Every structure is written in C-alpha cells, then in structure tokens.
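Asks: Below, each chain spelled out in residue letters.
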Amino acid sequence: MDQKQTSKEILLRMVKSFTENEVAPFDMEIDHTRSYVNDLLNKIKKYDFLSTMLPEEYGGAGFDGETTAAVINEIAKGNASLGVTLEGHFKSIDQIVKYGNQALKDEYLPQAKSRIIAFSMTEPSGGSNPLGITSHAEKKGDKWIINGDKIMITNGGLAEIYCVMVKTAPKELSFFVVDNNMEGFEYGKQENFLGLTGVPVGEIVMNNIEVDENHLLGKVGMGKEIGDSAHNDARVLMGAVLTGIMEHELDIVTDYATHRKAMDTPIIQMQGIQRKVADIAVAKETTKLLYQKATWLKDHGQDYEEEAAMAKAYGSRSAVKSGDDALQILGGYGYSLDYPVEHLIRDARAMEIAEGTVEKMRTAIALIEARNRA
Amino acid sequence: MKIVVCIKQVPETTNVKIDEKTKNIDRRGLGGVINSYDLHALKTALEIKQAVGGEVITLTMGPDDFAVSLRETLALGADSSVLLSDRAFAGADTLATGYVLGKAIKKIADVDLVILGQQSVDADTGQVGPIMAELLQVPQVTYANEVTVKNDHLVIKRNLDNVAQEITAQLPLLLTVTDTINQPEYTNVVEIAKSFAKTITTWHASDLQLDDDRVGQAGSPTIVRSISSPEKTVKVGHKLADNPVDAAKELVTALKKQNILAEDD
Amino acid sequence: MAVINENWVFVETDLQKINPVTYQLLTKMKQISHDPVVAVLIEKSDASLETELAEYGPDKILLIKDDELVDGDDLELTDALNKLIQKQGTPNTFIFPATVVGRSVAPRLQAWLRTGLTADCLDLKFEGDLLIQTKPSYGDNIMCEITIPNNHPQMATARPNVFAAEKQTNSNLKVEEIENLDWEKDSKLVIKSQLLPPKTTDDITQAERIVALGRGDKTDAGITVANNLAKKLHATVGVTRPLTDLDQYTVNEQIGQSGQTVAPDLLVNLGVSGAVQYTAGIANAKVVVSVNTDEHAQIFKYSDYYFVGNALEFSRALEAIL
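Residue numbers (our numbering), protein chains in the order written: chain A, 1 to 374; chain B, 1 to 265; chain C, 1 to 322.
FYI, nobody ran anything at the bench for these hints, they're computed from the structure. Predicted model, so just to flag it, every value in this text is computed and none were measured. There may be inaccurate statements among the hints.
Here are the simulated DSS-like pairs of lysine-lysine, each with C-alpha atoms no more than 27 Å apart in a straight line [said to hold, decoys possible]: (1) B:Lys-194 - A:Lys-43; (2) A:Lys-98 - A:Lys-143; (3) C:Lys-125 - B:Lys-256; (4) B:Lys-239 - C:Lys-231; (5) C:Lys-192 - B:Lys-150; (6) A:Lys-113 - A:Lys-16; (7) B:Lys-157 - C:Lys-192; (8) C:Lys-301 - B:Lys-249; (9) C:Lys-301 - B:Lys-256; (10) A:Lys-46 - A:Lys-113; (11) B:Lys-256 - C:Lys-188; (12) B:Lys-198 - A:Lys-45; (13) C:Lys-188 - B:Lys-157; (14) C:Lys-218 - B:Lys-249; (15) C:Lys-174 - C:Lys-60; (16) C:Lys-232 - B:Lys-249; (17) A:Lys-171 - A:Lys-143; (18) A:Lys-45 - B:Lys-49; (19) A:Lys-46 - B:Lys-198; (20) A:Lys-261 - B:Lys-235; (21) C:Lys-188 - B:Lys-2; (22) C:Lys-192 - C:Lys-83; (23) A:Lys-113 - B:Lys-43; (24) C:Lys-286 - B:Lys-249; (25) A:Lys-261 - C:Lys-286; (26) B:Lys-257 - C:Lys-167; (27) C:Lys-17 - C:Lys-185; (28) A:Lys-276 - B:Lys-17; (29) B:Lys-49 - A:Lys-46; (30) B:Lys-239 - C:Lys-301; (31) A:Lys-4 - B:Lys-43; (32) A:Lys-4 - B:Lys-198; (33) A:Lys-16 - A:Lys-43; (34) C:Lys-185 - B:Lys-150; (35) C:Lys-87 - C:Lys-44; (36) A:Lys-8 - B:Lys-194; (37) C:Lys-125 - B:Lys-23.
Based on the provided sequences and hints, a complete structural model is requested.
Replies: Take a look at the structure:
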C-alpha cells in the first residue's frame, strides 16, 4: 500500500471508532438538546477533524475529496448534524483555497485548524436569487467598508470566520472574508429549524466592517462563480451526509426486522418488509456511488457540477422516503420521539432545501444534459 | 526507558460467522484494526515515556499489510516499529507466536519493559504475554489496572477475582494491561501524514536466528480440529415452586451451586 | 519425560481460601476422565484446605505446604509447578481455572514445557487419552475444537461457572505431601494483597447484578421492595421504558433497545413483560430470573428461572433469606 492508501485507511479506522464511541451514542441527545453534547466540538478540534482537507502547507492533513467525503459519510452515520457542520467548514476552506489571494490564504487557512469558517449568501430578501441581496461593500481608499445582514448561515453563530457575498455595484456580486473579532461584526438571531438540529443556523450583522483589499475573495464581480463553486462542493458532501443517514436507517430497520416477530417469524422474512428494506439499500448505494463519482471527478480536475447536483437531489429525496419506509416498518416505535427514525426524516428533509432546492438541482441537471447534447 | 509494545491486527468486529461452504470464518468485507486492548498498552507506554523519557517501539507479527497498524501506532506517538513478516510464521499458535516475538525482543536488545493488551479480541487467549515472559525469563504482571513509575521501579495495581493487589516491580518486566487502565486517544488527523517520517523495520525469519521446529505450524502444539457457530442458547426456563418462600429457597440454592451467588450472600 | 496416567487440576487459592472454580473443574474432570484426577494444592503450613477439597472427590491431592510459595508470583509458581512435574512425571492433562491467576501461570508453564495450552474452555471431553477442548473465539461468536495430539501435558484453562460443582466422597483419596520442591525465588516483584469489597456500581452497563423493575411493579411498594432486594444482592436497579416517566429513573437506568444494553451475571426481572425492545438489551445477561403474575409472560422465554406470582411476595421472601 502506498502512503496515500495507508493514510486513508488509518484515517477511516479512526473516524469509524470515533463515530461509534463519541458520536452515535449521542445522536438522540444532540437532536433533543439541539447542541453538540459530549464536548463534541472540542473533540473535533482536538483530533484535527477541521484540518482533514486543509492543504498540508497550511498545517492541514491534505486529504483528497474522496477521503474527505468518506469521513463525512461515516460521521453522518452517527449523527447527520455533525456531518453537515464539517461540510459547511470544508466547502468554505475549498473556496479560500481556490479563490483566495496569497495574503488571505496565509492569514486564514492556518486558522481553519481551530476556527470554523462559514459561507454565507442568503439574506431576508433573497436566497436562490443572489441579485436580490442588499448587503454591500464600498471601497474607501485602500479599504472596503461592508454593511448588511446575512441569515440562515450553516454554522452561523458557531463559526468565527465568514465568507460573505455582497454587492460591490448594483449588479456586481463579490465575496469578502470577515472575522468575528472585527469591529462592526455582530451575531444575530438563531433559526429554530425542524431537522439537523445540532447544526447552529444563524444570522450575522455587519455594521461598517472595514477590511483590507486582500479580504476580497477572488476578484470583484466573481460572486456568482464562487457561490456556484461552493454549492457544488457542498452538494457533494451532502451526498455523503445523506448516504450516512440512509446507512443509519438501514441499521435500524434490519436490526428491528430481524428481531421483531409476527406469528413467530421475524418480519424480515415478509415480502412487504423486504421490498422496503431493499429500496432503502438501493437508494443508499446509488447516492454513495453518485457522491463518489463526483469526488473522483473533483480530485481529477474535472467538472462535477451535475454529479454533485444528482447526489444531493436524489440523495435527499431518497433519504426522506427511506426514513418514511423505516418509520412504517417500526410502526409505533418509528413514530416515537424516543426512537431515532423520525429525526432522520427531519434531518434528510433539510437537504431537499439547503444548498439549492431539489427543484433547482433538477433545473441544473436538465440544462447540463441539454448543453452536453447541443 | 526502552519500551516495546506488542500489537495485533484483528478484524474490525468480532461478530463473525462461519461460511457454510468453506467451513472457515467468513471475513469478507471485514477491515482490520488494532486489537483494542493493545491501544491501552500503547497509551500506557506513551504515558511512561512522557513521565520518565525513553522510547516506545511497537512490534507485530503478520503479513506485510499489517504495516498499516504499525503506521497507526506511529501516528499515535510511538517512535519506531518492527514488523515480523515471513511465510514461515504462518499457522503459529500462541506458543510459536510468543517464541518469535520473544526472539525479536532479544534482537531489539536492552528492552526494559514489554507491554501487551491483556488479550486479543479474536483469539481471546491472553497467553502470548506470559509465554514471552517465560522465554525471556523476566517477571510478569498481567491484567494491570494502574501503573505508576517510581524512580527505577513500577507500582502496579491489579485485581484477581476478589483480591486487590499492589505490586512493586523492578525492571525488566513484562506487563499486560486491562482496558480500564486508561482511555486511549484517537489518532490525530494531521499526525497521520507526519508518521511517515518514522521508520518501520521488517525482519524475516532469517533475521532472528530461530529454531525451525519452533516456528509457524511446526512449532504449534495445538491443532484446531473444527470450528462451529455456537448453538443458540435457548433458555429452558425452570419454573420455581408455587409458594414464594419455597421458590426463593430453591432459587438461592441453585444460584449458589452455579456460583452466581456466593456462599455468604 | 514419561507421561503418567493422571489428570491434574490446579487449585486456585485467593488469600488462603479455595476459589470455588476449583470445585467446578474437579467435578468436570471426575465426570470425563478414566484416569485419576489429581488436585495440586499449595497452602500455608498451618492450613488444611485439603479437607474442603476432599469433599469434591479428587483421587489424589498433591499437597505443597509452603508459606512463601502461597504468595508466590507467576515466575515462582511456574518454577514450582515445573519442578513438581519433574518430580512426579508429566501428567496427561493439566487444567487451570481461566481466572487471572490461571490465565497468567498456565501459559508460563506451557512455554517452559513447550506444550499446548487452550484458553478459556467451555467444554472438555476425552477421546481415549486425547483431551478435546472447546474454546470460544471472537468474543464467543465462534467455537473451536482444539486438541494437543503430540505434547504433554495437554493444558487448558477452563472458564469459571460453566461447569457445576458437585460434592462427592472418594474413599480412595490419597493425600501426598510434596517436600523439598526447591523452587527458585524471585525478588523482583513485591506483592501486597487485600480483599476486594463486593462490587456495586451505579453504571448499569457495568453492573454484575441487576434487579430490573417493569410496568407490572410500577408502584411505590414495588419500587421500595426492589431497592431493598437490590441492596441485599449488591445489585444495581434497572427499569423498563414505562418507569422512565418517574423522576428517579432516566434512560441511564433503562434497559433495552432505546436504553442500555446490560451484561450482568444475575438479572432479576420483577413485573417485566418481556417486549422485544427490552429483551434486546438483556441478551448478554448470564442468569435471568423473572417474576410475573402472567404465566404466559414473554419474559419467561428469556429466563433460566421463573416464578409465576406476586413479585412483592417473592422479593420479600428472597430478601429474607439473603
């Protein structure tokens, strides 16, 4: 085995053990308390999970996209929220690596080891329509002055560094990196979402935040491109989270159906149950293959927009449906708040919306299919 | 202090079944991991090193791909590793394994302390440590729950069935540890890459000056005649007497006979 | 060295008391062996544990009275046993308890004798002089039949509480005192021993004894009686899901799929019906005792002993004789 393979195996051994011992046993408690109990955030930092895909020259472990997604998949099997918290951080690092100038990279990437970075586009006035936003940056001398209000940020309130999309002209979108220790930075209200309740989702308010030119991510006017790029990276990792959710669902239903008996026969022997279990397994494996193909393309420098959209669109719908099937198999236990199935449905449901709705994914897929044949 | 930690790579789960066709253990799709008790042994060694200085060497016997587990110990903080790999070692039982590991300890030379987990989770024997100790003619303390270093000796706590022991031990010593002795760390994500700067040395049979008849299958007195899945223990419930007082007496007598209750309970 | 037609059992003594596992091994070996069963006893010079030992019917007791060896470390015990074999001849088999002591001394002796040793046996039987040893692996998920065809003694450690101990008289018992064993002293270890207090724990997953309370006993009286019984048994109290409604019980005390998985030596179920979500959590309990008023209660299918009737009356009766 070469160094790359060996490293990957050691990493995944560790993540599996970490998930089994530190994450999975707390899944229900994380959901119910809406927080990362068991000191999970500190443990995640202590063992350098935040540096998984951070390039080595910035003190990271430098794992590729495929391995990083496998880590998220494994963690999400224990708790989907924690998978999404890491996804939000990783996609932000991805954009700074891809678009940041050297000074920005030198300043922020080494900090990514211990400070979570978030990525923010949505505002009260617009989500999927970026030109509807009102946040803006104005150039004053060699500084930029940023004002505005960003909401529904994944890890908002938890993250300490934010990549924010603002207008630099009426029809010009640009990204800046702001820091919670800057003057004029304030945290706003936290959302009270239905699922993925461990992930803080919140607001930041920017009042005359003054940043240097090197805090501009990419160039002026590159907002749409950077936003799309972040979406793609996020969608791949969401495919991994969704795979983890379906693996969790499969664990629950197979265990239950093997032990639960009707007329002295385990219900796994019954065709109606078998169909549902098989459907969940097929959907899980399909989603896994989709995200793995997307990461392969990404790692080999090829375009992965369509596969990323497929992984998220197919995976989110499938995980919700699979959760519903799992609930039905478990009957009353499935419907109980004391059992995990219902929260897996709520968790999966979030990803039919976040990082572009499933409808928007279909639009993207259809247009790519048409473009490829034009 | 020069410490050698012996580790074993085992299947990631002990929940294995027998393949109906081959009558062998079905290990398809099962990855390997470091035997969980050995991680406690490694942590014990690293803590001793932190307290008094020295070096920690990890040692295993197995095929070349067990090097992954050694690399993992390096990422966890061991200083170097030795892999004992040779076709001649195949089919070894605990005696032949202990023999080869013991020879390797001698070759490493000047070892003050050898630490192992109390047993492996696949074979479940716990025999290799004492076998090595006997072959090396050093004292042993097995099933240690607590170890502290005092000057040139160790103070070790362990429990027998209903006896607690505190043992003061001089070096050299062979120690096996339980899983309550400490809480092993997880591998740090960033340390994995750094571990490649450390060395894993491979020794073959020819490097160790072995008696051929004490190695591998030839050196293994035990023979596995057959393996099987345990019969599902269907509990045949015994109905106790109808009168509660008689039932209680009947139960206590039965439980004492099985040692579930002690005589003085 | 000549093999003698004897099967030896090592007598484990902890602080001058015979560990009851010895009696189990003696009983089992008496049942299966056609050759004399010999107990190897090391005791203090003023002790007479051989009287107790004799009640379990060994054919011979090899008695070593030695005030130092009684507290010997593994190196010393190994040397003494090795010298004993040199003196007496190599027995056909030599069985040790799979306790900390047995599992530490037996492999050292094995290494010295260069013979085979099978760990933690759950069953033993003979085919002629060949000992067939059934050993669990992979955390009891696999059973292996192991033999040691070409070496002697055939050694095994056998798991405690698998074989039942039965008293029997043996009028042919010979007690042979061994003197001048001349074992080598080791001064590298200094061992201080003391008796462990009975183990009780609040952590139900670690508890060795559990009294579990079900919906059928969810009354103040039921809870009080269960607690009293638990106290007497040095047991931890567990509950089924319905009882977690009460302030004093949480998921930490709850046994079952949505609670904790337990593995006690003894589980006493009071008023537990035995729903699948509960029984999923008790699969690793060793001895299960259940009390329920319903003679068709599911829990009886998972029980070694069951009492049909009132749990309060049964618990009080049990508490009274403990």
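Asks: Now look at each hint and say whether the structure bears it out.
Replies: Hints, one by one, checked against the model:
For the proposed pair Lys-194 of chain B and Lys-43 of chain A, the alpha carbon gap of about 20 Å is at most 27 Å, so the pair holds. Proposed proximity of Lys-98 of chain A and Lys-143 of chain A is supported: the alpha carbons are some 23 Å apart, at most 27 Å. Between the alpha carbons of Lys-125 of chain C and Lys-256 of chain B the distance comes to roughly 25 Å, so the proposed pair stays at or under 27 Å and holds. Restraint check for Lys-239 of chain B and Lys-231 of chain C: the C-alpha separation of about 25 Å stays at or below 27 Å, so the hint holds.
Between the alpha carbons of Lys-192 of chain C and Lys-150 of chain B the distance comes to roughly 17 Å, so the proposed pair stays at or under 27 Å and holds. With a C-alpha separation of about 21 Å, the suggested pair Lys-113 of chain A and Lys-16 of chain A falls inside the 27 Å cut-off, and the hint holds. Note on Lys-157 of chain B and Lys-192 of chain C: the hinted pairing holds, with a Cα-Cα distance of about 10 Å set against a maximum of 27 Å. Restraint check for Lys-301 of chain C and Lys-249 of chain B: satisfied, since their Cα atoms lie roughly 22 Å apart, inside the 27 Å limit.
Between Lys-301 of chain C and Lys-256 of chain B, the direct Cα distance comes to roughly 22 Å. Compliance with the 27 Å bound is thereby established for this hinted pair. Between Lys-46 of chain A and Lys-113 of chain A, the direct Cα distance comes to roughly 10 Å. Compliance with the 27 Å bound is thereby established for this hinted pair. A C-alpha spacing of about 39 Å is found between Lys-256 of chain B and Lys-188 of chain C, which places the hinted pair above 27 Å, so the restraint is violated. For the suggested pair Lys-198 of chain B and Lys-45 of chain A, the alpha carbons sit about 25 Å apart, so the restraint of at most 27 Å is met.
Among the hinted pairs, Lys-188 of chain C with Lys-157 of chain B is consistent with the structure: their alpha-carbon atoms are about 16 Å apart, no more than 27 Å. This hinted pair checks out: Lys-218 of chain C and Lys-249 of chain B have alpha carbons roughly 25 Å apart, not beyond 27 Å. The suggested pairing of Lys-174 of chain C with Lys-60 of chain C holds, with an alpha-carbon distance near 5 Å, which does not exceed 27 Å. Between Lys-232 of chain C and Lys-249 of chain B, the direct Cα distance comes to roughly 15 Å. Compliance with the 27 Å bound is thereby established for this hinted pair.
Between Lys-171 of chain A and Lys-143 of chain A the alpha-carbon distance is near 21 Å, which keeps this suggested pair within the 27 Å criterion. For the given pair, Lys-45 of chain A sits about 25 Å from Lys-49 of chain B by alpha-carbon distance, which is consistent with the 27 Å threshold. As the CA atoms of Lys-46 of chain A and Lys-198 of chain B are separated by approximately 22 Å, the hinted pair is consistent with the 27 Å bound. The suggested pairing of Lys-261 of chain A with Lys-235 of chain B holds, with an alpha-carbon distance near 18 Å, which does not exceed 27 Å.
Restraint check for Lys-188 of chain C and Lys-2 of chain B: satisfied, since their Cα atoms lie roughly 18 Å apart, inside the 27 Å limit. For the hint pairing Lys-192 of chain C with Lys-83 of chain C, the CA-to-CA distance comes to about 26 Å; that is within 27 Å, so the pair holds. Restraint check for Lys-113 of chain A and Lys-43 of chain B: satisfied, since their Cα atoms lie roughly 25 Å apart, inside the 27 Å limit. Taken as a hint, the Lys-286 of chain C and Lys-249 of chain B pair is honoured in the structure, with Cα atoms around 20 Å apart against an allowance of 27 Å.
Between Lys-261 of chain A and Lys-286 of chain C the alpha-carbon distance is near 23 Å, which keeps this suggested pair within the 27 Å criterion. Under the criterion of a C-alpha separation no larger than 27 Å, the hint pairing Lys-257 of chain B with Lys-167 of chain C is consistent with the structure, at around 10 Å. Of the supplied pair hints, the one linking Lys-17 of chain C and Lys-185 of chain C holds, its CA atoms being roughly 23 Å apart against a limit of 27 Å. With a C-alpha separation of about 26 Å, the suggested pairing of Lys-276 of chain A with Lys-17 of chain B holds against the 27 Å cut-off.
Note on Lys-49 of chain B and Lys-46 of chain A: the hinted pairing holds, with a Cα-Cα distance of about 21 Å set against a maximum of 27 Å. Pair hint Lys-239 of chain B plus Lys-301 of chain C holds up; C-alpha atoms about 11 Å apart against a cutoff of 27 Å. With a CA separation close to 26 Å, the supplied pair Lys-4 of chain A and Lys-43 of chain B stays within the 27 Å bound. Restraint check: the Cα-Cα separation between Lys-4 of chain A and Lys-198 of chain B comes to about 16 Å, which is no more than 27 Å; the hinted pair holds.
A threshold of 27 Å between alpha carbons decides the hint, and for Lys-16 of chain A with Lys-43 of chain A the separation of about 15 Å falls inside it, so the pair holds. Restraint check for Lys-185 of chain C and Lys-150 of chain B: the C-alpha separation of about 24 Å stays at or below 27 Å, so the hint holds. With a CA separation close to 21 Å, the supplied pair Lys-87 of chain C and Lys-44 of chain C stays within the 27 Å bound. Taking the CA atoms of Lys-8 of chain A and Lys-194 of chain B, the gap is near 13 Å; set against the 27 Å cutoff, the hint holds.
For the suggested pair Lys-125 of chain C and Lys-23 of chain B, the alpha carbons sit about 23 Å apart, so the restraint of at most 27 Å is met.
When held up to the earlier numbered hints, the structure conflicts with hint 11 and nothing else.
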